[in-house]
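Novice: Please work from the sequences and hints to get the whole structure.
Quick mapping for you: the protein sequence lines, in order, are chains U and W.
Just so you know, the first sequence maps onto residues 18 to 556 in the numbering used here.
Just so you know, the second sequence maps onto residues 28 to 129 in the numbering used here.
Every clue listed holds true.
Simulated crosslink set (SDA-like; lysine to any residue; CA at most 20 Å straight-line):
{"hint": "1", "chain 1": "W", "residue 1": "LYS109", "chain 2": "U", "residue 2": "ASN433"}
{"hint": "2", "chain 1": "W", "residue 1": "LYS109", "chain 2": "U", "residue 2": "HIS335"}
{"hint": "3", "chain 1": "U", "residue 1": "LYS122", "chain 2": "U", "residue 2": "GLY485"}
{"hint": "4", "chain 1": "U", "residue 1": "LYS248", "chain 2": "U", "residue 2": "ASP191"}
{"hint": "5", "chain 1": "W", "residue 1": "LYS59", "chain 2": "U", "residue 2": "SER152"}
{"hint": "6", "chain 1": "U", "residue 1": "LYS163", "chain 2": "U", "residue 2": "PHE209"}
{"hint": "7", "chain 1": "W", "residue 1": "LYS59", "chain 2": "U", "residue 2": "ASP171"}
{"hint": "8", "chain 1": "U", "residue 1": "LYS165", "chain 2": "W", "residue 2": "SER55"}
{"hint": "9", "chain 1": "W", "residue 1": "LYS59", "chain 2": "U", "residue 2": "ARG153"}
{"hint": "10", "chain 1": "U", "residue 1": "LYS513", "chain 2": "U", "residue 2": "LEU484"}
{"hint": "11", "chain 1": "U", "residue 1": "LYS163", "chain 2": "W", "residue 2": "TRP57"}
{"hint": "12", "chain 1": "U", "residue 1": "LYS163", "chain 2": "W", "residue 2": "SER55"}
Read the hints as simulated data drawn from the structure, not as lab findings.
Read off the chains here:
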Amino acid sequence: MSRTVLVGLDGATFSILDPLMEEGVMPFLKEFIKRGVRSNLLSTAQPLTPPAWTSLTTGRSPGNHNIFDFVRVERGKEHPTYTLATSGDVQCETIWSIAGRQNRKVISLNFPISFPPEKINGSIVPGFVPWRHLSRAVHPPELYQKLKTLPGFDPQALAFEWEAETKAIQALPDQDYEEWIKFHIRREQQWFEIVRYLMTSEPSDLTAIIFDGVDKLQHVCWRFLDPNLQKSLTTEWERKIRALCHDYFRQLDGFIAEIARLAGPDARLFMASDHGFGPTDQIFYVNTWLGQHGYLAWQEGVEMAEEGRLTTEGHKSHVLLFDWSRTTACALTASSNGIYIHTTEDRTRPGVPLAEYEAFRQRLKESLLAFTDPSTHEPVVTRAMTREEAFPGEYMERAPDLTLVLRDHGFISVLNAEEPFKWRPWIIGTHMPLGIFIAGGEGIRRGLSLSDPLSILDVTPAMLYSLGLPIPEDLEGRFAFEIFEPSLMAHSPPLKGEPTLLPAPRRATESHQEEKPGEMEAEQEDRIFERLKALGYIE
Amino acid sequence: MEAVKTNNVPGRQSILATFIEILSEMTSDWDKDFSGEINAETLLVAQLGFTSMDLVMLVVEIQQRYGRQDLPFENLFAPNGKYVSDLRVADVVNFLYRHLNR
Numbered sequence: 018m019s020r021t022v023l024v025g026l027d028g029a030t031f032s033i034l035d036p037l038m039e040e041g042v043m044p045f046l047k048e049f050i051k052r053g054v055r056s057n058l059l060s061t062a063q064p065l066t067p068p069a070w071t072s073l074t075t076g077r078s079p080g081n082h083n084i085f086d087f088v089r090v091e092r093g094k095e096h097p098t099y100t101l102a103t104s105g106d107v108q109c110e111t112i113w114s115i116a117g118r119q120n121r122k123v124i125s126l127n128f129p130i131s132f133p134p135e136k137i138n139g140s141i142v143p144g145f146v147p148w149r150h151l152s153r154a155v156h157p158p159e160l161y162q163k164l165k166t167l168p169g170f171d172p173q174a175l176a177f178e179w180e181a182e183t184k185a186i187q188a189l190p191d192q193d194y195e196e197w198i199k200f201h202i203r204r205e206q207q208w209f210e211i212v213r214y215l216m217t218s219e220p221s222d223l224t225a226i227i228f229d230g231v232d233k234l235q236h237v238c239w240r241f242l243d244p245n246l247q248k249s250l251t252t253e254w255e256r257k258i259r260a261l262c263h264d265y266f267r268q269l270d271g272f273i274a275e276i277a278r279l280a281g282p283d284a285r286l287f288m289a290s291d292h293g294f295g296p297t298d299q300i301f302y303v304n305t306w307l308g309q310h311g312y313l314a315w316q317e318g319v320e321m322a323e324e325g326r327l328t329t330e331g332h333k334s335h336v337l338l339f340d341w342s343r344t345t346a347c348a349l350t351a352s353s354n355g356i357y358i359h360t361t362e363d364r365t366r367p368g369v370p371l372a373e374y375e376a377f378r379q380r381l382k383e384s385l386l387a388f389t390d391p392s393t394h395e396p397v398v399t400r401a402m403t404r405e406e407a408f409p410g411e412y413m414e415r416a417p418d419l420t421l422v423l424r425d426h427g428f429i430s431v432l433n434a435e436e437p438f439k440w441r442p443w444i445i446g447t448h449m450p451l452g453i454f455i456a457g458g459e460g461i462r463r464g465l466s467l468s469d470p471l472s473i474l475d476v477t478p479a480m481l482y483s484l485g486l487p488i489p490e491d492l493e494g495r496f497a498f499e500i501f502e503p504s505l506m507a508h509s510p511p512l513k514g515e516p517t518l519l520p521a522p523r524r525a526t527e528s529h530q531e532e533k534p535g536e537m538e539a540e541q542e543d544r545i546f547e548r549l550k551a552l553g554y555i556e
Numbered sequence: 028m029e030a031v032k033t034n035n036v037p038g039r040q041s042i043l044a045t046f047i048e049i050l051s052e053m054t055s056d057w058d059k060d061f062s063g064e065i066n067a068e069t070l071l072v073a074q075l076g077f078t079s080m081d082l083v084m085l086v087v088e089i090q091q092r093y094g095r096q097d098l099p100f101e102n103l104f105a106p107n108g109k110y111v112s113d114l115r116v117a118d119v120v121n122f123l124y125r126h127l128n129r
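Specialist: In structure tokens:
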């Protein structure tokens, strides 16, 4: 077994990294790739952080692990509702658990949907947790006190502030760009100090960390990073912002180099992103479109969207935007690009009768695909995936009924607007299906660039193999043998293992359900009978 | 923290005690002006300093504690479709009492 390290680069794409390496901004990464393997990495059907990282850390697809978005949607009788998705929603075993229960020590830092933390053999500091909640979010609980002793530790700089971040990636004023980039430079420094501390004080078999500033910068600063748009950068301010972006990536390169050094010469280092990135310059106000086509009615007084915004401010539920007595389909979040159909079993209540669901969905799908941008007459929606197509699996019915792929892969807006289609005032970044995979170290092939992309589901089997563990038979990815040296595989052939275990909360629920009420009552009666007998009340 | 889902119907006093425990744990290291004991009349926003994100995290905590993911919190935060500016501890307890027993 070699020590195994996973550096997650949220949203990283070779279309940005390659030019940065060529320009000398990321010299370590350039040399590392020369000595290792690189490949594109195909994300989940909706290339989004929570489902994609959860697929990478479970080796299972969203229809099976049950994470489709930042939120979990409950389909109520009156209307759907949603709350924040948590680790309790993940219905498959994570690699932290698989490795931990086989005596591998684990460090997991900044992964989404890992709050509340699993009680693993090692340390977890979850990502996407507001700083005021961080102290009770880490595992083991005493870890937080240790982190507080690190020089410069600042939970406010480390943690995620939902409102500020979601607002920024939708519409950031010019005067805020500089601070936005510096904020992420400071934040990555915080995460790096934690991984350095843990790798030094508690060396682990598997160390995994996500640097998510890559995604945040690319959303906002795409026009400063995309080589195809460099000619448009003419002002001093634009060049300054581009230089700051380079500072971010230069620092990141240094962090990766130091993590590799700390892991040691015999380690294997994997790098992966949850999805790729590319430009977007349009907004599809899908609920406005649904309203115009008779599927949705707005509540009275719902205001028109501010320029560039996709969601409401604060944490106000989008459910409250709609008049549910006259709404049969709506988008609840921008991130999922999903449309939920409100069905009903009772024909006297509002909603689509279950018997008409298939026909209704097909009609809606065809109508969406027929919608064109008035200026070019090109379709705005290039694909509308049913949940059977996008998210097959045990939990498919919790997924949106339709998941849209837009012409430029942009996110939909859930807000009300004068027209369903608008051009953005400038180009920003959006998620794309092809992310990155890089591997290097002991037993990894050298100088190999794969022509076909790996799947995000293939990363867990590769890491388990690297940890010297069998690959559970229920993982959905394949063992990517081509990235390993044949001599390594001859010496240590990959082994197929027992299926993964259910996560602890699901194990508890299912064992509870397995106890049939009749049996429980009979058992209780027997116990009472025995007790009464012991006390001499009966014979 | 383990869910305490049970077939027993939780009483109002039990919910109040559990909720105060949740709030105490959650806010123990917050830098807040409030120094008294949390009780049924304590205001989440004005006294304990809850932000909208803290309320989201509170929902997560309540769901975990009771093992229930189907509670219609929008009825608590936005009765009649309009968001309230603050909530008393008793408001949340009454909401939970009503819905945990359904």
